[in-house]
Structures are given as C-alpha cells and as structure tokens.
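Chain E is already provided as a structure; the job is to place chain U on it using the hints.
In order, the protein sequences belong to chains E and U. Numbering follows the working numbering, with no gaps: position 140 of the first sequence is 140. Take any residue in the second sequence, count from 1 to its spot, add 1000: that is its number in the working numbering.
Hint data in this document are derived by calculation from the structure and do not stem from the laboratory. Be a bit skeptical, because a hint or two may be false.
DSS-like mimics (lysine-lysine), calculated; alpha carbons at most 30 Å apart, straight line [said to hold, decoys possible]:
hint: 1; chain 1: U; residue 1: K1072; chain 2: E; residue 2: K31
hint: 2; chain 1: E; residue 1: K99; chain 2: U; residue 2: K1272
hint: 3; chain 1: U; residue 1: K1229; chain 2: E; residue 2: K265
hint: 4; chain 1: E; residue 1: K65; chain 2: U; residue 2: K1255
hint: 5; chain 1: U; residue 1: K1211; chain 2: U; residue 2: K1144
hint: 6; chain 1: E; residue 1: K247; chain 2: U; residue 2: K1248
hint: 7; chain 1: U; residue 1: K1211; chain 2: E; residue 2: K249
hint: 8; chain 1: U; residue 1: K1255; chain 2: E; residue 2: K31
hint: 9; chain 1: E; residue 1: K267; chain 2: U; residue 2: K1244
hint: 10; chain 1: U; residue 1: K1058; chain 2: E; residue 2: K265
hint: 11; chain 1: U; residue 1: K1272; chain 2: E; residue 2: K64
hint: 12; chain 1: E; residue 1: K249; chain 2: U; residue 2: K1058
hint: 13; chain 1: U; residue 1: K1222; chain 2: E; residue 2: K265
hint: 14; chain 1: U; residue 1: K1244; chain 2: E; residue 2: K268
hint: 15; chain 1: E; residue 1: K265; chain 2: U; residue 2: K1244
hint: 16; chain 1: U; residue 1: K1255; chain 2: E; residue 2: K158
hint: 17; chain 1: U; residue 1: K1267; chain 2: E; residue 2: K146
hint: 18; chain 1: U; residue 1: K1248; chain 2: E; residue 2: K267
hint: 19; chain 1: E; residue 1: K56; chain 2: U; residue 2: K1255
hint: 20; chain 1: E; residue 1: K249; chain 2: U; residue 2: K1213
hint: 21; chain 1: U; residue 1: K1248; chain 2: E; residue 2: K192
hint: 22; chain 1: U; residue 1: K1213; chain 2: E; residue 2: K192
hint: 23; chain 1: E; residue 1: K62; chain 2: U; residue 2: K1272
hint: 24; chain 1: E; residue 1: K247; chain 2: U; residue 2: K1255
hint: 25; chain 1: U; residue 1: K1127; chain 2: E; residue 2: K249
hint: 26; chain 1: U; residue 1: K1127; chain 2: E; residue 2: K247
hint: 27; chain 1: E; residue 1: K265; chain 2: U; residue 2: K1065
hint: 28; chain 1: U; residue 1: K1213; chain 2: U; residue 2: K1127
hint: 29; chain 1: U; residue 1: K1211; chain 2: E; residue 2: K158
hint: 30; chain 1: U; residue 1: K1211; chain 2: E; residue 2: K247
hint: 31; chain 1: U; residue 1: K1229; chain 2: E; residue 2: K268
hint: 32; chain 1: E; residue 1: K247; chain 2: U; residue 2: K1058
hint: 33; chain 1: E; residue 1: K65; chain 2: U; residue 2: K1272
hint: 34; chain 1: U; residue 1: K1211; chain 2: E; residue 2: K192
hint: 35; chain 1: E; residue 1: K267; chain 2: U; residue 2: K1229
hint: 36; chain 1: U; residue 1: K1267; chain 2: E; residue 2: K247
hint: 37; chain 1: U; residue 1: K1119; chain 2: E; residue 2: K265
hint: 38; chain 1: E; residue 1: K268; chain 2: U; residue 2: K1058
hint: 39; chain 1: U; residue 1: K1272; chain 2: E; residue 2: K212
hint: 40; chain 1: E; residue 1: K265; chain 2: U; residue 2: K1127
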Amino acid sequence: MQDLLNSLPERESLEAALDLMRRSPYTDVEKKLSNLIDVVPELSSELLYNVDQPLKIAHDTKAKKDYLLCDYNRDGESYRSPWSNQYFPPLKDGVSPSKLLRQLEIDVNDAFDVYRELYYEGGVSSVYFWDLDEEPDFGACILLKKSQDQTKRGQPMKGCWDSTHVLEVIHNDNNTAQYQLTSTVMLTVETKDNETGTVSLAGTITRQEERKVEVYAPHDHLVNIGITIEDMEFRLRNVIENIYFCKTKDIVNELRTSEGAAELKQKKNLPGRGLKVQKE
Amino acid sequence: MASEDDIVQIVNGFLLNAPPGEFMEVVTDVRGLLKNDALLNETAPATFREYNTEQMIKVASPTGKHQVLITKYGELGNGEYLDPYGKQVLTFDHIKGEVTNHRALGSGDITQEVEPYRKAFEAEAFKYQNEHYENGATTVYGSKNSDGAFVVTTCISSSIFNPQNYWNGRWRSVWTATFSGSGECELTGNIRINVHYYEDGNVQLNTNFNKAKKVPGGDPAKLSAAVFKTILTLESEFHTSLEKSYRKMGDTTFKALRRALPVTRAKIDWNKISSYKLAADMK
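With the rest of the complex left out, here is chain U:
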C-alpha cells in the first residue's frame, strides 16, 4: 500500500517528465487519478516551478520586445527571475504561467565586475540564437564562483508546440564559461532535446549530451567571440553527429531488428509456407 509520500514522489515524477507543451495535460491526468485536490494543492506549486525552470520556458518581457528565459540560473527567490538584458527583475507566477510584476535591477541582483564580459557574451548569444534558433530565446547570466572566478552562463531554449499535428519538441543548451581575468577559459556545455510524437501512438526522442573545452582567455570582446566560435563548432558537430546517428539507427539497427522484406525480396506465399521451412532446414 503506497504511502502518501510515495504517491507525492510518483506524481511529481510524472509531472516532471511531461513532454514539452504537455505539462497541463499531465496535471489534468494526475488530478483525475487522485481522490481530491488536497495533495496537488500542497505539493504542485514546487513541482510547477521545478518543471518550468528545468525546461527553461520562454516569456515575453513586459517592458521590451525581447524574450526572457525562466531558469534556475536567474532565480532570485520569491518568484523573482533576472532579466539581465532588460535590466530588470521579473516576478513569474508558475501556477498562472505568467509574469505578474517587474522591477528595476537592484545593486545586489547582479555582479557588476562580471558585467563587461556578460554583456559581450550576451551580444554574441543573440547573434548565435538568431542564426540557428528561430523559435528560441537566450538569456545570459554573469556571476562569480566561490574561488572568485568569473562565470558566464548562456542558456538557449527553443521549442515548437504543434498539438494539432500531435507533436511537440524542445531543444535546451546551457554553456558555462569559467575564467579568471584573461586566463584560459573552461567551457562546459549540456544539450538536451525532447521530441514527442503522439498520433496513434507515443514516440519520444530524448537526448543528453555533455562537452567540455578550453578556450584561450582575453578581454570581453576577444573572449566572447572565441567562446561563441567554439559553441558554434561544438553544437554543429553534435548536430551533424546526431544526423549521422539517425541514419545509422535507421539503416543498420532498425534493419537488424526487422527486415523490410525477406531475402527473397518478395512477400511470403503463405500457401507454400511449409516449403520455406524445409528449405531452411536443409541449409
């Protein structure tokens, strides 16, 4: 008999695994399973927040024309999220799924020292995102780690929702550059893709890729250019390798599971099926 804690954990598991664009459908399903709304009322708010920040959902800035990503990297607490480009802090209601307030950046909200680098990275990020992620948005954060090194984090989130044609997808990239002054920069990246196709079935693509590379240091302009040149190269290599994997999976693995036709290159003559067997036995 599952305890209430077990049930909470199971329910959260289902919610957090909701395919892009289908979170509310999964909430509706989970609600239909539970005897009453008490459990959801209590635990779901935290799960909504976890899901949205993990998925790095995109919201429109209430003040400018740009998009902002809601991520863990920009989380200030109390529902507040950094929008460095817009020089503001947004209040995001995870349950309503909307921006409910905004205010100007306070002195404690960002690390001024890192700003020259963060701005330079951000300019490169916008260029890169415009080139390769038409349906995406990017938000770039700057901070210092416990060793005093500068950390600039670039988040890219690109999603398409097409429920009328029974599919949804999201691509998430997070690139973290860690460096001290003009010393060598350690660049680490994570790329995750989720695609769900559900017409008369349920097919999902899930990928998870990690990469690290050292980039020579420099001033904001030099480093940001070098980092984004590297990001372009690494992401392009990944994208090309993924295409290659697709071809291999489709040609080799899929065929090794089940041929399109027997070696005879024709469908079976079922009236003569026993003769096929005799022929095989005689091999």
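So here's chain E without its partners, still in its complex pose:
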C-alpha cells in the first residue's frame, strides 16, 4: 500500500478537498461536506465558502416573505432579509449596505421578483449587495430557488433548481463598469417507479463571464445586471439541458445498446449508407 501511495501525486489539502467534493454525488452534499469538515476542520471556512450547497430558505416575519440564505447576507448566526433589511434572529448593528446601495438593492430585488415569476413561476429570489473598498464599486449576489414535487400528482418525479450568481462591479472613469460574474446552478431531478427503480440526476454546473457595461446613473446597473443574469441563465439552462438530459443518456446508450450488435451492423450496411461523411 505504501508503495502505491508513494507513487501518487502530492495534493495539497484544500485542493484535495475540493476535488473530492467534485467527484462526490451532489445528492446529500450537506452531509458529505460536514463529514469532510470532520476530517479537515482547519479548512472549515474555506470549504463552506467554496462548496456549492442547496440554498436554505428563511421567513421574514416583518415583510411576510421568504428569503434565501448565503454567506453574503450572514452576520454571525443571523441572516438579513432583502425585503425588510432586518436580521433574523434580530441583530444589533448587523452589516448592511450603505444607504445608496440599499436603494439599488431594493429596486433590483423587486425587479428579480418579477424575473423569478416570469421564468420560475414560483420559487424564491433574493439579491444582496455589499460595498467594496473603492466607492462606488460593489458586489452583488443574485439567488433563485425553485422546487417541484410531482409525487402528489401521481407522477413520481421531483426536482430542485438553485442559482447562485456572484457579481463584482468595478467602475471605470468613462461611464463604464466591469462586471465579473461567477454563476453556479445546482440541479437535482429524481424519479422512483416500478419501471425504472430509482433514477437520480444531480449536480452542479459553473460558468464565469466578464463584460463591460455603460453606466450613466446608478439605476443603469439594474438593467445591466438584469440582462447579464438573464443571458447567463439562458446559457446555463441550455448547457444543463444538454448535459443532464442528452449527454448522460448518450453515455448510458454506449454502455448498453438497446439494439443488438447484429441489428446495428445491418443498419450500417444498408444501401445508400455507403456515402462518406465529410469531416467538418
């Protein structure tokens, strides 16, 4: 065993931990992450920051609306609601965006509430802003979550979509700003029935993007952020659809062919099939 171990490349602990999570099935990721932290407690904060987990929902009892939890609206053990701007459990002097930024935060939350309804037809959305060192630069995260459980309607399928978009906005001198976006979608779709047993498709996809936008007034950010996120989700949804529902299925069909080898060979030899395919 030691000989084998010695022949393996050395992997530094954080890199090893993240690689491990990327090979772990995404189902029950919270349990796996907590197990991992038991093994390397010194990496706890880095892991919690870097590993994607399904978003948790809390209820803003003042605004009577649900909101989503992440590191960017957390202060200690409390989480700030974007609707009432209050912390639950209540926190004195909790971190919150500056007055100007809070106004933008309110408007962007309202806009994404509409976006959420148009695309997700339900679910929960939350947007959090924070000031960066150099005014008026800021960071923002846009969160969306939607679950579907059709088991009650007799269709044994359920699913959950979680979007996490983290945006960094750096202003330039010439009425432009640089948007740096990192987006992750976590998706789980599961089914359980007599014909297929249990089938689970689960995981995460991440993409990054940089774009330059025009900014003449702070409110322009609302439109820019909206377009940027909508474009990114459009891209991600297509990638996800392709990977989850086409690519993995194609792989299954390579592992086992429904048609027998003899049948397939016959099909290949049909007249008219002898045309050479031009290489692109």
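Chain U in isolation, oriented as in the chain E frame:
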C-alpha cells in the same frame, strides 16, 4: 472532534462512492487530507477490495483471450477469484490492480452438480453480452444454496472511461436464477448505472433497479434459453423506460423548474421591468 474511527468511516465512504474510473483520484484526494499515510495503510486494502468487487471490475485472463469480472460471487478468499469459463482461479492484487497469479480449478472450487446449467447459462450470457454490451464482460457462477437449490448468478459489467472529455460510466447487471431440478425458476435481477460528467461542474446519474420474475423450469439448454430470453425482455423494458423517464424529466420536470423563456416567448425588456409587475398585479 471526530474520532479516528469516525475518520476511517468517512474516508471509506468517500472511497466507496468514487465514480467509475476515478478511484485513484479519490485515493489521492483522501491522502492529501490525512496527516500521514498510517490510517490509509491500515484500512485502505479492505476498501480497495470492497470497491473493486462492488464495481465488478473487468480484468484480462492471463491465459486466454477472454475477460473476467472480479466479484463477491467469485471470491474464494486470500485474493483468489473464480474464472469458471477459463477453468481457473486468479489471484488479484487489489492494491496493484492486477492479476498476479493463476492456478487450475481445484475440486472444492466449484459445485460440479450445477456445472451443466452454469455452462449453458454462460454460453447464453456471452451471446447476450456480445449483442448488447460491446464494452462489457460477463462472468457466470454456479452454486447451491442452503436449501439445496441450484443458484446460477450472471454478472455483467460494462464501463467506459473518457477522462479527456471529463466523463466516465459503468452499467452493472446481476441476474440470479434459483431452481430445483426442472422445477420453476425464480429469477431476480439488479441493474445499477453510474455516469459522471465533470467538465466545469459535477453531474452524476445514479440508478438502482430491482426486478423478479418466474421462469418455467427445464433442462440446462431449455432453462438457460428461457432465462436469457426473459433477461433480454426485462433489461430492454428497463432501458426503454429509462429513456422515457429521461424525456419526461427533460420535458416536464425541468420545464416546471424553470421555463426556457417567459410566456411572452421573448427575453425581458429590463427598461420596462416595472410594467411587467403592474401587469401581473392586475391579474
């Protein structure tokens, strides 16, 4: 504070869940987390063995041109695994991942009574595997259970490793036929598929399917033909149902989570976003 036993259990959990073809990557990761190699040296050998036999990995016979599966059903102890088709016993080193020795079958290694059936099943299994599992291999075992009934177990394992394109997959089928003489045969099957796609992400398909069916009994030729006709039917039905599930998940569930576009069939005009809200409020 996690105890050493806790850590062993957690580490083994990660190792046993390694996607097909990625076991050594996970070993490398686990090693990078632990302070020293002592824990791995002690506990990993058992885990390597557990992983390989659960995954039913495929090895080339050192004597013939055929492939042999390393499975629990063929485990004799001391690293020895049955290769009934090759009429031999292989010694497999789980840590090196290779066959290190082989010997002829001894009288105690197989149950002679069951052999006529096992051979007949094996011939059918090769035919079936060649037809439907180009990347696979099959190994068929024969034994008797505690009630004296004959048990013929067919293992099929098919895998493709494509790390350059960031994906790996394995399909495992185990079909167990239990019968007494030419009495009715109880056929039970388990199919497991694992696919991992990991370019800029981590997407996994995991399936687990169980089925049981009674097959009329007969002599080796008759029973094996009937059993494999049934296996073909049941596996084809499963495969077709899986395709149907995929379509449904993609069309219905996925769309119910997030539409491709709003009902308007166009992207949002963000300059007019507040008017969308007013329209919704007026519904």
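| query | Can you give the numbers of the hints that this structure goes against, from lowest to highest? | reply | none
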